[in-house]
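Number of protein chains: 2
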Amino acid sequence: MNIYRYEENPMITPVDVKPYHEGFEVIGAFNAGVAKYKDEVLLLLRVAERPISENPDIVKVPIYNTESKEMIIKEFDKNDKNYIFDDPRTFRSTDKVEGFSYLTSLSYIRIARSKDGRNFTVDSEPFLYPFNEYQSFGIEDARVTQMGDTYYINFSSVSEVGVCDSLVSTKDFVTFTDKGNIFAPENKDVLIFPEKVNGLYYALHRPSLKSIGNYDMWIATSPDLQHWGNHKHLAGVREGHWDNGRIGGGLVPIKTEKGWLEIYHGATSESRYCMGAMLLDLENPTKVIARTKTPILEPEAEYEKKGFFGEVVFGCGGIVNEDILQMYYGVSDTSMACCELSIQEILKQLEEEM
Amino acid sequence: MNIYRYEENPMITPVDVKPYHEGFEVIGAFNAGVAKYKDEVLLLLRVAERPISENPDIVKVPIYNTESKEMIIKEFDKNDKNYIFDDPRTFRSTDKVEGFSYLTSLSYIRIARSKDGRNFTVDSEPFLYPFNEYQSFGIEDARVTQMGDTYYINFSSVSEVGVCDSLVSTKDFVTFTDKGNIFAPENKDVLIFPEKVNGLYYALHRPSLKSIGNYDMWIATSPDLQHWGNHKHLAGVREGHWDNGRIGGGLVPIKTEKGWLEIYHGATSESRYCMGAMLLDLENPTKVIARTKTPILEPEAEYEKKGFFGEVVFGCGGIVNEDILQMYYGVSDTSMACCELSIQEILKQLEEEM
Numbered sequence: 007m008n009i010y011r012y013e014e015n016p017m018i019t020p021v022d023v024k025p026y027h028e029g030f031e032v033i034g035a036f037n038a039g040v041a042k043y044k045d046e047v048l049l050l051l052r053v054a055e056r057p058i059s060e061n062p063d064i065v066k067v068p069i070y071n072t073e074s075k076e077m078i079i080k081e082f083d084k085n086d087k088n089y090i091f092d093d094p095r096t097f098r099s100t101d102k103v104e105g106f107s108y109l110t111s112l113s114y115i116r117i118a119r120s121k122d123g124r125n126f127t128v129d130s131e132p133f134l135y136p137f138n139e140y141q142s143f144g145i146e147d148a149r150v151t152q153m154g155d156t157y158y159i160n161f162s163s164v165s166e167v168g169v170c171d172s173l174v175s176t177k178d179f180v181t182f183t184d185k186g187n188i189f190a191p192e193n194k195d196v197l198i199f200p201e202k203v204n205g206l207y208y209a210l211h212r213p214s215l216k217s218i219g220n221y222d223m224w225i226a227t228s229p230d231l232q233h234w235g236n237h238k239h240l241a242g243v244r245e246g247h248w249d250n251g252r253i254g255g256g257l258v259p260i261k262t263e264k265g266w267l268e269i270y271h272g273a274t275s276e277s278r279y280c281m282g283a284m285l286l287d288l289e290n291p292t293k294v295i296a297r298t299k300t301p302i303l304e305p306e307a308e309y310e311k312k313g314f315f316g317e318v319v320f321g322c323g324g325i326v327n328e329d330i331l332q333m334y335y336g337v338s339d340t341s342m343a344c345c346e347l348s349i350q351e352i353l354k355q356l357e358e359e360m
Numbered sequence: 007m008n009i010y011r012y013e014e015n016p017m018i019t020p021v022d023v024k025p026y027h028e029g030f031e032v033i034g035a036f037n038a039g040v041a042k043y044k045d046e047v048l049l050l051l052r053v054a055e056r057p058i059s060e061n062p063d064i065v066k067v068p069i070y071n072t073e074s075k076e077m078i079i080k081e082f083d084k085n086d087k088n089y090i091f092d093d094p095r096t097f098r099s100t101d102k103v104e105g106f107s108y109l110t111s112l113s114y115i116r117i118a119r120s121k122d123g124r125n126f127t128v129d130s131e132p133f134l135y136p137f138n139e140y141q142s143f144g145i146e147d148a149r150v151t152q153m154g155d156t157y158y159i160n161f162s163s164v165s166e167v168g169v170c171d172s173l174v175s176t177k178d179f180v181t182f183t184d185k186g187n188i189f190a191p192e193n194k195d196v197l198i199f200p201e202k203v204n205g206l207y208y209a210l211h212r213p214s215l216k217s218i219g220n221y222d223m224w225i226a227t228s229p230d231l232q233h234w235g236n237h238k239h240l241a242g243v244r245e246g247h248w249d250n251g252r253i254g255g256g257l258v259p260i261k262t263e264k265g266w267l268e269i270y271h272g273a274t275s276e277s278r279y280c281m282g283a284m285l286l287d288l289e290n291p292t293k294v295i296a297r298t299k300t301p302i303l304e305p306e307a308e309y310e311k312k313g314f315f316g317e318v319v320f321g322c323g324g325i326v327n328e329d330i331l332q333m334y335y336g337v338s339d340t341s342m343a344c345c346e347l348s349i350q351e352i353l354k355q356l357e358e359e360m
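Just so you know, the protein sequences line up as chains E and F, in that order. Residue 348 in our numbering is what sits at position 342 of the first sequence, and the numbering runs on without skipping anything. Residue 162 in our numbering is what sits at position 156 of the second sequence, and the numbering runs on without skipping anything.
Treat the hints as calculated values from the structure; they're not laboratory data. Take these hints with a grain of salt, some might be off.
Since the list gives no way to pick out one identical chain from another, each pair is judged satisfied if it fits inside one copy or across any two copies.
[Said to hold, decoys possible] Using 25 Å as the maximum straight-line C-alpha spacing, the simulated SDA-like pairs for lysine to any residue come out as follows:
#1 K87 / D63
#2 K75 / K293
#3 K80 / R119
#4 K84 / G316
#5 K66 / K102
#6 K75 / K238
Predicted model, so just to flag it, every value in this text is computed and none were measured.
Based on the provided sequences and hints, a complete structural model is requested.
This is the structure:
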């Protein structure tokens with residue numbers, strides 16, 4: 007696989023983003039959804055901010071009360087034996103055997119704009135800021151599906167009641183229409199196909215399962231983009247492979263003559279995130295035709311290996327120009343990068359490795 | 007609360023049900039959905055069967071291959087240090103911190119019929135037997151919502167890929183139409199309202215959350231009963247109460263002049279299951295008007311306290327005759343019982359405790 011990483015990488019980093027909250031610092035500008043709007047490339051950045059803490063032993067947790075529109079900051083002592091601080095992103099109380107009680111930062115969606123796809127200007131205000139009670143811990147990892155002149159944007163809504171996937175639509179990236187929580191918790195990595203297949207909308211999704219089952223990819227149908235059903239298991243983690251820990255949709259599925267090309271992410275059980283590809287039947291996307299045995303992109307560059315949470319490449323969107331896929335991807339839960347790949351090469355790898 | 011428990015209780019027990027599988031024993035006939043069909047009361051029993059094991063140290067796990075239609079029996083030694091055998095219903099491998107790897111029995115749905123609502127005859131064949139790959143570990147806890155002459159039956163589909171909620175419809179309780187998995191895993195205790203509210207179908211559901219959130223009740227809407235969205239958090243577990251561990255819908259919501267009356271189950275963190283009530287706004291069922299502080303039914307009778315998994319009353323269906331609610335309920339994950347309650351008394355308790 008020939009990968010052309012842009013010379014500008016990492017093209018957007020936390021220092022390029024002015025904190026929206028006073029007394030906060032930006033620790034991440036990453037995992038952006040991507041849209042082509044008018045003559046610009048828009049990156050719907052996930053911006054993660056946290057209250058500045060002078061004391062390294064104190065973790066300050068930002069929680070946004072969407073009703074009163076107040077930011078509440080809770081303080082925790084890292085020596086507090088009631089909590090386990092073993093992840094920079096989250097921590098949990100000792101009575102929880104897994105998962106998290108709090109996030110160490112609050113994310114929301116902010117737009118970065120570019121005419122050339124390489125040099126971006128970051129908006130000074132958020133585009134999607136927590137606007138209901140399902141988002142008091144933040145909004146994460148937007149994906150954008152364009153249909154005609156409407157852009158459907160879905161993202162994770164995180165709060166103490168769970169992690170839902172929510173949908174809004176926009177025509178101008180200024181105002182938006184709320185379409186509610188489209189997938190019940192716990193679900194992430196929802197990718198809506200860009201057109202109906204046999205009269206129904208399709209979406210990939212990735213439930214997180216408590217009692218039984220793995221972090222696998224599922225697929226569902228919808229008559230209206232708001233209500234989803236007919237849930238089917240699509241693809242699972244693979245023991246002994248680079249995607250043995252968890253998988254989830256990455257980019258909006260790309261229509262090719264061979265099938266729907268889905269660029270997905272997979273992680274090892276040690277949380278090393280790579281991107282792979284699968285090919286789904288054009289007429290019946292619940293059928294996996296092929297899946298790459300090896301990643302198409304893995305953390306190799308310094309900015310992909312080191313950061314807030316290292317060894318992560320995480321693509322949430324791309325732009326297709328004939329054979330060239332420009333894939334924008336988050337690196338190390340910190341910054342944004344971009345690379346170009348040949349769709350024909352990916353399809354060839356899929357054919358060889360199927 | 008005046009509770010009239012039937013003299014026939016427990017009215018159906020495992021010895022009343024002939025095993026469907028050779029070499030198996032019935033260990034449970036419980037958690038039945040309820041339908042009034044023609045002049046009969048139908049109980050859609052969850053029948054749990056397990057392979058007879060001569061050796062108390064050997065656990066035999068039944069798994070049904072829905073493609074080849076073969077029952078596979080896996081054997082596990084209770085002394086095997088790779089598994090933790092701390093629950094009669096399930097066990098897990100030591101690399102799982104919670105949840106289960108296998109069930110110790112396989113459940114399916116079998117109908118019991120009665121003219122008087124007290125004396126039942128159990129069909130000799132299953133009505134709903136695992137029919138797709140999401141059900142290889144079984145079908146559990148049916149609920150029945152009647153609309154006109156169509157009965158919608160939803161239930162848990164359990165397999166190694168997760169626990170989904172699935173829907174079928176029937177007009178005769180002989181044949182049925184498969185409507186697919188209507189809620190993605192992990193979800194249980196789905197209760198479909200018996201009529202549309204403001205043009206949409208409604209259902210309660212109970213996701214099981216891995217990372218954050220409790221075993222709470224949610225509510226969703228649908229245009230067609232198959233696709234669900236607009237997921238909202240409805241009611242949570244209550245610290246210090248009888249329902250501090252988990253809650254979930256019980257009976258199909260009952261329309262009253264005061265609102266939708268939902269009889270739900272709640273359990274302590276030690277898994278003592280009781281039934282409580284909540285009242286939802288008639289025009290907007292996402293709004294909880296009142297909720298009982300104390301249970302309306304709790305395990306008191308011997309058959310409710312002792313059994314395969316004791317201290318459980320678990321209602322999945324009922325029949326309303328003017329003020330009388332005949333509630334059929336599973337006891338101790340073993341048998342079926344029935345009691346009569348006054349709807350006005352429940353509404354009065356709701357008013358007093360709101």
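Verification of the supplied hints:
1. K87 / D63: Close inside one copy (13 Å), not across copies (39 Å); limit 25 Å.
2. K75 / K293: between (45 Å within a copy, 22 Å between copies)
3. K80 / R119: So K80 and R119 fail the 25 Å test inside a copy (34 Å) and across (57 Å) alike.
4. K84 / G316: within (22 Å within a copy, 41 Å between copies)
5. K66 / K102: within (20 Å within a copy, 31 Å between copies)
6. K75 / K238: between (39 Å within a copy, 20 Å between copies)
Of the numbered hints given earlier, the model fails hint 3 alone.
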